[in-house]
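Novice: Chains as they are written, first to last, in this note's numbering: chain A, 767 to 1062; chain B, 168 to 450.
Please note that the accuracy of each hint is not assured.
As the list claims (entries may be wrong) - Lysine-lysine pairs mimicking DSSO-like chemistry, simulated, CA-CA at most 30 Å apart: (1) Lys-952/A x Lys-870/A; (2) Lys-393/B x Lys-236/B; (3) Lys-236/B x Lys-952/A; (4) Lys-236/B x Lys-212/B; (5) Lys-826/A x Lys-838/A; (6) Lys-177/B x Lys-870/A.
No lab work stands behind these hints, which were simulated from the structure alone.
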Amino acid sequence: MAEARLPSQNPRAGVPFVLPALAMLAAMILVPGVYVLWLSFHASSFGQSPTYVGFANYAKILADPYFWRALKNTVIVVLTVVHVELLLGLGVALLFANGLPFRKLLIACVLAPYAVSEVGAVVMWRTMFDPDAGLVTRLMLGFGLTPLEWSVVPMHGLILVSLLSIWLHLPFTFIILYAARLSIPKDLYEAAELDGATAWQSFRRITLPLLMPAILIAMLFRYIFAYRLFSEVWLLTGGGPARQTEVVAIYLYLEAFRYNNFGTATATGWLMVLTSLVLALVYLRKLYREMLARDA
Amino acid sequence: MTPDTVLVLKRRLAQLGRGLALALVLIWSVGPITMIVVAAFTPEKEIFSVTKSAGWQPTLENFVMLWAKWGDFFTGLLNSLIVTLGATLLAVVVSTLAGFGYSRWQSRLLASSAFSMIALRLLPPIVTTLPLFPIVNAFGLNDTYLVLILLYAAFFVSMGTMVMRTFIDQIPRELDEAAMVDGATSLQILRRVILPLCGQGMIAVAIFVIVYAWNEFLFAFIFTTKFAKTAPLVMSEMVGSLDGVEWGVVFAATTVQLLPVLIFVVLCQRHLIEGLTAGATKG
C-alpha cells in the first residue's frame, strides 16, 4: 500500500489547520504589540497624528516618581503573592496527597475560588475587612490586633490586594503541585520507609526534588500572570490614596485613558512586555529546544 | 509512659494537626464565598449590624431589589452569556483545528509557529488594549460582542491548542492511516476519526474559556460602555456607585453571577485538572 501517503509526509498540508489560530493571534496580539512598539517612539494622543520623538517617552517615564512607585508596589505584591501561594499550594497538595476522606468534595472546595470573578472577590474581601463591621476586622479587634486600614494606609491596601490575589489563584498553583505530587511513584516512599527514613527526610530527599520542575513551572507562570495585576487593585483602591497603591498596569491605564499621554502609556506597555519576556526567558529557551527538537 | 502510649499520643497529635490544617484550608477557600451568599439572603439592615439578632431569617428582599433597581445587571448577565458562548465556540474550534495540525504534521516552520503562539500568550493583555482601542473605534466595533469574543478567544487559543495537541497526540495514528487507505482526506480524518475521540480535550479547553470569559473585567471595562456591558462590569458600577452602595443588592448580584459558574467548575473538576496538566503548563 505504498500509495497511501501519510499526512506527515507533506508538512505543508498541516498549515491550513493551524492558520486560523495563528491569524487570530496575529490580529489580536502580535500586530497590536508591534504597533505599541512603534507608538512608544512617538508622541501622540487620541485623534492626533503621531510625531517621532525617539526615546523621549521612555525617558519621561523613567524620570516619573509615580512610575517607580508603581513598579516598587508591583514587585512587592508579585513577590509576596507568588511565594506565599507556592508555600500554601505545596502545603495543601501534600496534605491532600496523603489520602483523605471525601477527597473529591474537599478538592472541589479548594478549587471554588477559581470560579470567582475578580469583582466578586473584591466584594468578598472588602466586606470581610470592612473597617466598621467586617468579620475579620471584628475578629482582629477581638484578639487585640490592629485591623487593616486598607483604604487609608497604602501598605495595608497592598496587603489586602495580595491576600485576595493569593485567594483567587491558589487553586491554579494547588492543581499543578497536586498533580505533580500524585505522579510520584508510591514505591519510592515505601523504600524510604523500609530504610527507616523519617517523614522529614522523605520530604527532603524524595518529594521536594521530584516536585521541583512543577514548582518552577508554577512559579514562572504565576510571576508572569501576577505581574499583569490590574483589576484587583483598580476595584479595591483605584490606586489611591494619592496614587500610592498604583501598580504598573494601573499606571499604564491612567496614563492612557485619564491623562491622555498615549506616548508614555505605550512606552510603559513595552517595558511591561520586555520584563515579561525576561521573566519568561528561561522557560521559553527550554521550550524552544524541546519544540524544535520534536520535528528533528 | 510506655513507648506504646507515646506512639499512640504522637499519632493522635498528628491526626489532630491534620484535621486542624484541613479546617483552616476549608475556611480559607469557602469562607468568603459562604459569607457573601449568606449575606445576600440577609435583610440589608442586619448585614452590617454588630449585634446580630438571634435567629437568621433568610429573605429574598435583596434579590427583589436587584431585579427592581438594576435591570442593567440582568442585561449584563445576558451579554456575558452571549460573549462567553461565542468566545468558547470560537476558541474550541480554532484550537481543535490547530491542535490537529500540530499533532499530525511536523516541520521546522510549524514548530516555530507553535513556539511563537506560546510566546505571544505571555504578553500582558493590557498592552494590547492601547493600540486596539483606536482600531476598534475606527471599525465601529467598540461596545460590541464581537470585540470581546475575539479578544477572549485570542488569549486562550495558544493554551487551547497545546491542550488539544496533547489530547490528539494520544489518538493512535494507525486510525488515521486506516482512514487514509480508504481514501479519506485530512478534513474527513479530522471529522470521522479525531473529533469523536478528543471530546475530553475540547471540554477541558471549553472550561478554561468559559470561566475566563464569564468573569473577565479588564477588556470589558475598556471596550464596552453601554450595550455590550458584561455582568462583572455592572457589578463594579454597583460597588463604585457614588450615591451610597447598597451592599445587600451587591451581595445578591455577586451570588447570582457566581453560582452558575461555581456549580459548573465543581461538576467539571476532573476535566479542569486534566486540562491543566495536559497543556497549560507545557505551553
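Novice: All hints are to be evaluated individually against the structure, with a verdict given for each.
Specialist: Verification of the hints:
{"no.": "1", "hint": "Lys-952/A x Lys-870/A", "result": "holds, 20 Å"}
{"no.": "2", "hint": "Lys-393/B x Lys-236/B", "result": "holds, 17 Å"}
{"no.": "3", "hint": "Lys-236/B x Lys-952/A", "result": "violated, 58 Å"}
{"no.": "4", "hint": "Lys-236/B x Lys-212/B", "result": "holds, 18 Å"}
{"no.": "5", "hint": "Lys-826/A x Lys-838/A", "result": "holds, 17 Å"}
{"no.": "6", "hint": "Lys-177/B x Lys-870/A", "result": "holds, 28 Å"}
Violated hints amount to a single one, hint 3; each of the other numbered hints is respected by the structure.
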